[in-house]
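**Q** Sequence:
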Amino acid sequence: MTTRTDAAGNLIGRYEGQAPGAPALLIGSHLDSVRNAGRYDGTLGVMLGIEVVAHLAAQGERLPFAIEVIGFGDEEGSRFPTSMLTSRAVAGTLDALPLDTVDASGTTLHDVLRQNGLDPARYLEAAYRPEQVVAYLEAHIEQGPVLETAGLGVGVVTAIAAQYRFKVSIQGVAGHAGTMPMSLRKDALAAAAQAMVAIERIGANGPPDLVATVGQLHVGPGASNVVPGQTTFSLDIRAGTAQVRDQATTRICEALQNIADERGVDLSIELQNDLPATPCNPALTACLAASVTRITGQAAHHLVSGAGHDAMVMAALTPVCMLFLRCHQGISHNPAEAVRHDDAHTAFLVMLDFIRAFATTTAHKPTEFSA
1 MTTRTDAAGN LIGRYEGQAP GAPALLIGSH LDSVRNAGRY DGTLGVMLGI
51 EVVAHLAAQG ERLPFAIEVI GFGDEEGSRF PTSMLTSRAV AGTLDALPLD
101 TVDASGTTLH DVLRQNGLDP ARYLEAAYRP EQVVAYLEAH IEQGPVLETA
151 GLGVGVVTAI AAQYRFKVSI QGVAGHAGTM PMSLRKDALA AAAQAMVAIE
201 RIGANGPPDL VATVGQLHVG PGASNVVPGQ TTFSLDIRAG TAQVRDQATT
251 RICEALQNIA DERGVDLSIE LQNDLPATPC NPALTACLAA SVTRITGQAA
301 HHLVSGAGHD AMVMAALTPV CMLFLRCHQG ISHNPAEAVR HDDAHTAFLV
351 MLDFIRAFAT TTAHKPTEFS A
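Read in order, the letters of the sequence shown correspond to residues 1 to 371 in UniProt numbering.
No wet-lab data here; the hints were simulated from the structure.
The model shown is predicted, which means the values in this text are computed figures rather than measured ones.
Any given hint could turn out to be false.
Claimed, not checked - FRET-style restraints, in silico, Cβ to Cβ: (1) 273 - 150: 27 to 33 angstroms; (2) 253 - 180: 28 to 34 angstroms; (3) 271 - 299: 35 to 41 angstroms.
Heads up, the beta-carbon is just placed ideally off N, CA and C, and yes, glycines get one too.
Whenever a hint applies, use it, and build me the whole structure from the sequences.
**A** Structure (structure tokens):
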């Protein structure tokens, strides 16, 4: 491959097709990670793309399209309070770059880009034009236990979940733990505990792709001998479709308001993040599933990704599809992250088969995989 670093800091390798300058099939994932992370989240997808190209090159095999392998530089948003800036630059969905954003040490994004040899004024030049791309393929560890539970090495992603993130605040009345009668209390923490049970119940009783999570909780005043007067907690609701997510959100909000009314406390629910569902392209997904069947001899398992990926951003540029790999106990964002060698090899074979099938199809039906 010929290699370059684009204006956004992404590392890109290009393997030319049968005709120089042909539009490219993009194979990508991210090279950045979170603190105290594992080895496979993101990076495995980039390495698989490189291995596929290495095999094609060793065979002297050229395709009707080029292949570009992209290692995105900022999917996780671990340093700055933003995420997917580099894939958003490639997809052309960034109107402006938040250059004044600072990291924990107070260093601006502008200065970090400069320190790494990038020109902030040219960052948006990383954007591709739609006619330069035929599709986007991303392989990624599942980051969950579904495939391992099913005894499967790989699976096909149908969509990346829609997500809401809320900040929920409950205001009660703080009081002395020894003198405030139980019948007169307006305990904000007890109300929050009841709310969390309701959230868990609604999430568990919904469709399989629905999840609802409370991951943060702050209690005030936070003394052992004081009835809690105020609590704040996070609420994360995800589902494969916006309809399921929104219906669950309505039920959860109604349940929390009923709890607040019954307990005589004040409730505030503030929306902080709204990410739409990103369906993978149906024709590409079917083609990928057929490759899974040919390579494994089993029907492809379809699943929704509860985690976000660069593919959800790239869908604004071109049709996308995703292949998931089994990871041990579903553990991710953790040094214990582990992937079986045979699963990685299966994913490699599936990707190779998919690319060859895609090449044959697009040679005769160039509009079949349109977004």
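**Q** Enumerate the violated hints, using their earlier numbering and listing them in ascending order.
**A** none
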